[in-house]
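K.L.:
As a plain string of letters, each chain reads:
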Amino acid sequence: MRYFVGIDIGSTAIKISVADENKNLVGHKISASGSMFYKYAQEALGELLRELGIEEKEVVYTVATGYGRKLFKEADENVSEITANAIGAQQAAKSYGEIKTIINIGGQDSKAISLDAEGNVVNFAMNDRCAAGTGKFLDVVAMNLEIGVDELSDYHFKSVGTPLSISSTCAVFAESEIIGLLGNNHSVEDIVSGVHYSIAKRIVKLVKRIGVKENVYFDGGPALNDGLVSAIENELGHKIFVPEYPQITTSYGAAVLACDAFMCE
Amino acid sequence: MRIFTFKMQTAMILVLMSISLFADNLLWLDEIKKKSCCKGADQESGIKEFVIKKGTLQENKKEHDCKNAVIYIRDMDRVVTEHNVSGGKISFTPEYKGGYRLYFEQKSVHEGVLYVNLSSLRVYNKEGNISQSLLKEIRGKTNDSHYDHEPLSQLSFELVMEKPIKKHHINCCLYSGDIAPFRVYYKGDIQKEIPLRVSMESGWSNVVQPDQEGLVSFEIPRNSYAETEKDKKHSEKMIVEASYDVNESGVYDGGQYRSVHYVMTLPLSFAPSPLEYESRTLGFATAIGVMLVFSLGLYYNRRRKRKTPKEIYFDEE
Amino acid sequence: MHTEHTIETPHQRQNRHKAMEAISVINALKEDFKFPIQSMGYFYDLFETVYCRHEPLHEGKVKIGTMCIQIPSEIIYALDGVPIRLCNGFYTDDEIGSDLLPQKSCPLVKATVGWFASDNFSDKPDITFSPTTCDQKTKAGAIIESFGHTVIDVGFPRTKESEESHHYWRESVKSFAVKLSKFQGKKLTRSNLESAIKKIGYAQSLYHKLTEFRKNKAVPILGVDMFLVTNAFFFDKIDEWIGAVEKLVAELEQRASAGVNVAGKASPRIVYTGSPPIFPNYKIPLIIEQSDAVIVADETCSSNRMFNDMVAVDEWNLYDMIDSVSDKYLKACTCPIFTQNDDRIRRIIQLVRSYSGDGVIYQAFAGCQVYEMEQRSVLAAMEREGIPILYIESDYSPSQHGQLTTRVEAFVESLKNRKRMKK
Amino acid sequence: MTKNKFSLRRSVNNMNLVRFRFWFQIVAFVLIVYGGYIGLDLGNKLPTFACVFNGEGTGGKCYVGELQHDLKHPLEGFVGFAGYAFLISLGMFMVWFWALNKGWCGFVCPLGTMQDWLTMVREKSKIRYSEYSWANRGKIKSIKYILLILLLLLPVMIANSVFGLPKLPNGLSMPFCDICPGRMMIPAFTGHFNQFYIDFSSKTDLVMTTLGMIIVGLFLVGSFVKKRFFCYFCPMAALQYVFSKPALLKLYKDGAKCTRCGDCYRACDMDILEIADDVTSKNLVTEDCTLCLKCVAACPEEGCLEANFMGATIFESTKEGFILRMAMDQRGEKHAH
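Protein chains in written order, with my numbering: chain A, 43 to 307; chain B, 111 to 427; chain C, 1460 to 1882; chain D, 2 to 338.
Looking at chain A on its own, in the form it has when it is part of the complex (with noise of 0.2 angstroms):
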């Protein structure tokens, strides 16, 4: 058997993702990243193949992706995240059906992605400001109000008032403001419901800068907050498709490129 990896480093975490011939997706594997992120990487390409009883010489076609791709010298080849992204939600929302729109919350940067008919990248927007609205955003904002991350979207089901929404874009100074909020005795709940208004908007404001179209796809780590799904969803006024693994849509979209490239040679 043939098998090709995908490989994302990420700001946060590296995620990869294995697959085989038929580009079905074998199996995948997040490890955090950090300073020593291409020996995490090689690690943790190695434990993945290790668990799946994938010898390395099977593995045919590399894709690393990412911030940190081009220092990932074992790569075959190296791609954008986002045309790597583009690929994975395609492939990876098959079922659901045509995808139009995506939009990725990462660690460090949210981005949308719109797309033609034949899947190919149309327009894509970045966030221009630092942290806010992104993965790192959130984390910050569990750790004031000392609650887990995967917390946030009980929290904002449970709210009831108004959401409390937070005006600075900076992360640092959301931080002070949130503590300021929590000192006048706001409830957590419409804290978090806030917070991930003020993010869904942010997005939401992106995806309308390139053109906003049905079928919306969602993913990145953050995509796990049903919270932040359901914010987005209310923002944008109809529904997203969230995939089984969001935060390893790039990885597998680079797998499946990895395939492609193999079959084309």
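Some clues are possibly wrong.
[What the hints assert, rightly or not] Which residues of chain A face chain C? A few of them, derived with a C-beta cut under 10 angstroms, are:
| # | residue |
| --- | --- |
| 1 | 203 |
| 2 | 204 |
| 3 | 206 |
| 4 | 207 |
| 5 | 226 |
| 6 | 229 |
| 7 | 230 |
| 8 | 271 |
| 9 | 275 |
| 10 | 277 |
| 11 | 278 |
| 12 | 280 |
Just so you know, these hints were derived from the structure itself, not from any lab.
Note that CB positions come from ideal geometry on N, CA and C, so glycine has one too.
Guided by the hints, dock chains B, C and D onto chain A, whose structure is given.
P.N.:
Using the frame of chain A, we list chains B, C and D on its own:
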């Protein structure tokens, strides 16, 4: 309110009875009117001149014999000054602007009777002395009534005209149709039974009897002589006269007398009633007519401007 | 893992956006300042009810929308209507309106148009009267009409010096009254207009009592709170508004005698002028008061200009009352739409003097041409009078916050320095 | 709010001017029209229409009548007593006038009071008032000066031949009195309707008395529909205005405090536009002003308008006073008139 009744019949009888009571040789004061408007500035402008006239108004003779005559002048502040008369002419210089009253008194003994001839005349002075009348000018006193003055204490007998009942609007003059009331005083007391004789320039003459209170009043008759054809406002003179006999003996000016005969004249002038040349009906009619025309004009002007919805949707209630 | 969510309808989303805008301002008012006023609670609750929970206030009543202060609320109250002033301060609606109007339009007009475009009201006006004040409002009326609302123009003159304009405006008000009374099927009578005039007069007299406290050395109420109080008059039930303000006056009386000062000792006293801050667009007032200055007076149509001049009737008959009401909205108005507007400059100077203001902050909405154009003459006049003035242009977007704060803070500090130098 | 809650100043400023003026005018009316019956005599140089024709009822006499009388003299006479008396009269008139300034018109003049009563009747009968247009008002203003010049000139022309013109008939000796509605109306209050007449004795009299009747008709209807209808034409007002500057009672305005809201203009019976629009002058006693102080009462700005007597404020506009006078100090409908 005093009600004046003019008892015509009694008067007519009394005229015949008492005509002999009145002396024919009346003495009365008359002002010499200067042709003021035309004369221009003269040095004598402040001087008022009077003459004593004798006889009836028609005779209009000057009396030059003014022996034992005294003139009292009472100004508007009731200050009385005494002047002697020399010659037929009386002249004095009033200091202030305003009304003065002149009293003339002449006594003479004749056949054991002391004849006291009295006359009084109101004088209005238009101009006064500049330095003297400063305060009076500032005060601008307006209510110095011509009538209704108390009798002069220097005179024992006096005929006083009270405020007339006026039928017209102008306060200053008498008009025909006004009712003029008089009283006769003797030594400060009202004499209730003395009739008055009224004689006019036109020749009309009458004797009027007093009522119970001693008020003698009569309506100034409408006159209708030729002068009014030319000048509707032409004024006429009349003299009101009262006489009184007292049994009193004494000596005056070397002559013995047993009784005193007082005669007082009050020369007045009156004009024909303005009602003869004025129309109040037309006056009211004009005013009301103008009011009607004006208000109708306004009404239609407003109605023209007013739009229909206003009437439906605005309500002053 | 993923559950199906019910998705908000566009109206719900709009409401949530507005609620979020509103709550953050209300919270700022409630929490960011020292010595909060108890009786302001009514107003905070009111705004939360209306703009966060979107509960209707006037169910069963006929609501009469007004596009500007020039539509006489006395006549509306007399005819049993509830005036709802449609000037809007929501960025949410501004964004909706942006799609319908030119980019450089006034955000207030955009917000109002956006509001109508979305047709999302808790108290929807049954009919709207639009005075022909500024160009943008005038045209906005027609746009709103195209959405299927009944909008009736009320002609408003652009000069107030001439007899013709007086006459024109009086006739306009009369025909407005006729149209409204037809709409309501009710007659305008002497007694109902008189009691409406007196009621509003009483409300205005309460406002005057409030402003009187701001002349004190220790200012017992914040400018933003005052803006909120006057803003509530746009849509609140008038009797309840009066009751709440009566309480507020009583509390301020206590505070004044106790010498409570919501500002700092050295806080400069600001006179605020320009485009109206309408809830929740309290961006500039909030920045000012958060920068340790205090707004002691204002010259805006959402507050002072709306309340300052009261109807003066000579003969309490219908004919004179209507004319008095019309005159109030024309003669005293200092709106920059008028060709000559020295009155506004004199008013600002007088406010600075009588409220012992240290400086003036002139805010114009980007796109509010008349205020932008009048800026030069006002600045020149203030310079002649030696009154420091800061001109700020802003819109409804929350983005310029930092830059604006810096400018305002710098101005406030310069005022503080001036004060110190004088001493 | 002011600290001293019960000060005199505050209660004066809060007074109901309409009521005060109503009673003041009644008292003044009684004194002027009936004062003579109780022996009141204020002289014949009053700067107000205390009518001579009112007979013994009058408590004083109008100076305009006296003035016409004084002027009917040969010109040479003015070198002597006539000129002197004329100056004294004028001086005395000024002394009277300076005490109250135009307040004579607004508070004392019986003819003005009568017009105010007619206005009250109209107001009660809910009939709308009329106004002159701004353009017409400007033209009307000059009429009173023309009347003043005529009443000064005609008596002189009776006694003198001016510029070689023939002397005028004596019927013109009181030209203004002939057409003054006060001559007819004021005696009517003491029961004398005898001034309503047309005089046929001469052509001059006929013309003048007919004119007088027409004017009294216009006066009665005019002042019913227009507040202070006659005061626009009053030569007394013109004469007064000539001497108005040094008067003691003044109407002052602080233009800086003025918002030009026009409330004062609305209240003004004489429709004086300057009161609202002039923000530079201090002394606001204009030619038409009757100093009725209604503007002060209608001004909502603290201390913007004030009645000032010799430098001392006696009545000034306050917000509180305005609110009280407009009955806006309480909530609810208790105040319905």
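K.L.:
Hints first: check each against the structure and report whether it holds.
P.N.:
Comparing the hints with the structure gives:
1. Hint status for residue 203/A: holds, given a least beta-carbon distance of 8 angstroms to chain C, under 10 angstroms.
2. At about 4 angstroms, the closest approach between the beta carbon of residue 204/A and any beta carbon in chain C falls short of 10 angstroms, and the interface hint on this residue holds.
3. Checking residue 206/A against chain C: minimum C-beta separation of about 6 angstroms stays under 10 angstroms; hint holds.
4. With its C-beta approaching chain C no nearer than about 4 angstroms, residue 207/A sits inside the 10 angstroms limit, and its interface hint holds.
5. Look at residue 226/A: its Cβ gets to within about 5 angstroms of chain C, closer than 10 angstroms, so that hint holds up.
6. Proximity of residue 229/A to chain C is violated relative to the hint, the smallest CB-CB distance being about 12 angstroms (cut-off 10 angstroms).
7. Interface restraint check for residue 230/A: the shortest CB-CB distance to chain C comes to about 15 angstroms, outside 10 angstroms, so the restraint is violated.
8. Hint status for residue 271/A relative to chain C: holds, with the closest Cβ pair at about 7 angstroms, below 10 angstroms.
9. Contact between residue 275/A and chain C, as hinted, is supported at the beta carbon level, the nearest pair being about 5 angstroms apart and thus within 10 angstroms.
10. Look at residue 277/A: its Cβ gets to within about 7 angstroms of chain C, closer than 10 angstroms, so that hint holds up.
11. Hint status for residue 278/A: holds, given a least beta-carbon distance of 8 angstroms to chain C, under 10 angstroms.
12. Given hint, residue 280/A at the interface with chain C, holds; its Cβ is 6 angstroms from that chain's nearest Cβ, closer than 10 angstroms.
Violated hints, listed in ascending order, are 6, 7; each of the other numbered hints is respected by the structure.
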